[in-house]
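Between the sequences and the hints, there should be enough to build the whole structure, so can you do that?
Chains as they are written, first to last, in numbering that gives the first Met the number 0: chain X, 0 to 125; chain Z, 0 to 125.
One or more hints might be untrue.
Remember, identical chains collapse to one label, so a pair may be satisfied in a single copy or spanning two.
Claimed, not checked - The list that follows gives simulated cross-link-like pairs (lysine-lysine, BS3-like), each with its CA atoms no further than 25 angstroms apart:
#1 12 - 55
#2 86 - 12
#3 67 - 52
#4 55 - 67
#5 52 - 12
#6 67 - 86
Hints listed in this document are in silico derivations from the structure and should not be mistaken for laboratory results.
Protein chains: 2
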Amino acid sequence: MSAVPVPDDQLSKVFSALADPTRRDIVARLTVADATVGELGAPYDVSLQAVSKHIKVLEDAGLVSRSKDAQRRPVHLEAEVFDLMTKWIERYRRQAEERYRRLDAVLAQMDDESAAKQRGSASDRP
Amino acid sequence: MSAVPVPDDQLSKVFSALADPTRRDIVARLTVADATVGELGAPYDVSLQAVSKHIKVLEDAGLVSRSKDAQRRPVHLEAEVFDLMTKWIERYRRQAEERYRRLDAVLAQMDDESAAKQRGSASDRP
DNA sequence: CGTCTTCTCAACCAAGTGGTTGACAACCGA
DNA sequence: TCGGTTGTCAACCACTTGGTTGAGAAGACG
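Pasting the structure below:
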């Protein structure tokens, strides 16, 4: 019942996927080279199944893809999805910075005016 | 190579906070202007308490801060935290792109060699 | 063929998340 | 001081999440 029906979009999945340190680490290592599930899981001291699940989350978010090589499933980083996040972040950061600039301008103007007029009207005593 | 336990750092909290569309929307609107809890919650058709919780999550992640104005608690965006994400993303994206460049080089070289030598060694027949 | 390797699927569990309602603190305004 | 506004805290609930174990599919290989 949300008035604004925002569906669970890819952006949510991407952020959610990267909210886990283990998955971030996996992504980091995939920037160096593709790797199998076993290789990726080796450092973490969790079951292979758990690693497989992590990779599935990354895959659902579009951050990685899996191919086939005999029994092996090499995992490959899909770096383009990073752009999705970058765009979102940059958009609102720019907007925020713009706002701060405006705020600074307003504050500067208020300062000017208070220096010029020096007088408030009625009740503004603490 | 981190065989060791990665603690739940701020980066995780930031990604996690932004994994929710409602919270992303709140952040987006805070780039326009500070707002009270009631104002922020108005569009969403959820209880005020739920909105308060969302804001707490954003606050724990360092994305917003709350001040006091009588009963009101104006929420303010702390845009610097965006840099944390941007840095992480850019770092690994750059690394990934670098890797793809190297991969291209390797593939080009393999292509050269196969054109020159034209021969694999033993068993590579399907 | 049988066996080992690599990985996924299914069922289960504890902890976390997002929502609810109810109580109430803090403050303004009459 | 009393009532209305604004927001938080606490308890509760359904659902998700990250982990587990067990079973087994799919290949390589002797």
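**Homomeric proximity label, residue 12 with residue 55: Cα distance no greater than 25 angstroms** = both (12 angstroms within a copy, 21 angstroms between copies)
**Item:** Copy assignment of residue 86 with residue 12, given that the CA separation must stay at most 25 angstroms
**Value:** Intra 15 angstroms, inter 20 angstroms, cutoff 25 angstroms: intra and inter.
**Asked** With identical chains treated as interchangeable, where does the CA-CA distance between residue 67 and residue 52 reach 25 angstroms or less: within a copy, between copies, both, or neither?
**Response** within (17 angstroms within a copy, 44 angstroms between copies)
**Request:** Could you place residue 55 and residue 67 in one of the four classes (within, between, both, neither) given a Cα distance threshold of 25 angstroms?
**Result:** within (15 angstroms within a copy, 44 angstroms between copies)
**Request:** Have a look at residue 67 and residue 86 and pick one of within, between, both or neither, based on CA distance no larger than 25 angstroms.
**Result:** neither (32 angstroms within a copy, 33 angstroms between copies)
**Message:** As a check of your reading, is residue 52 near residue 12 (CA-CA no more than 25 angstroms) within one copy, between copies, both or neither?
**Reply:** both (14 angstroms within a copy, 21 angstroms between copies)
In summary, the one numbered hint that this structure violates is 6.
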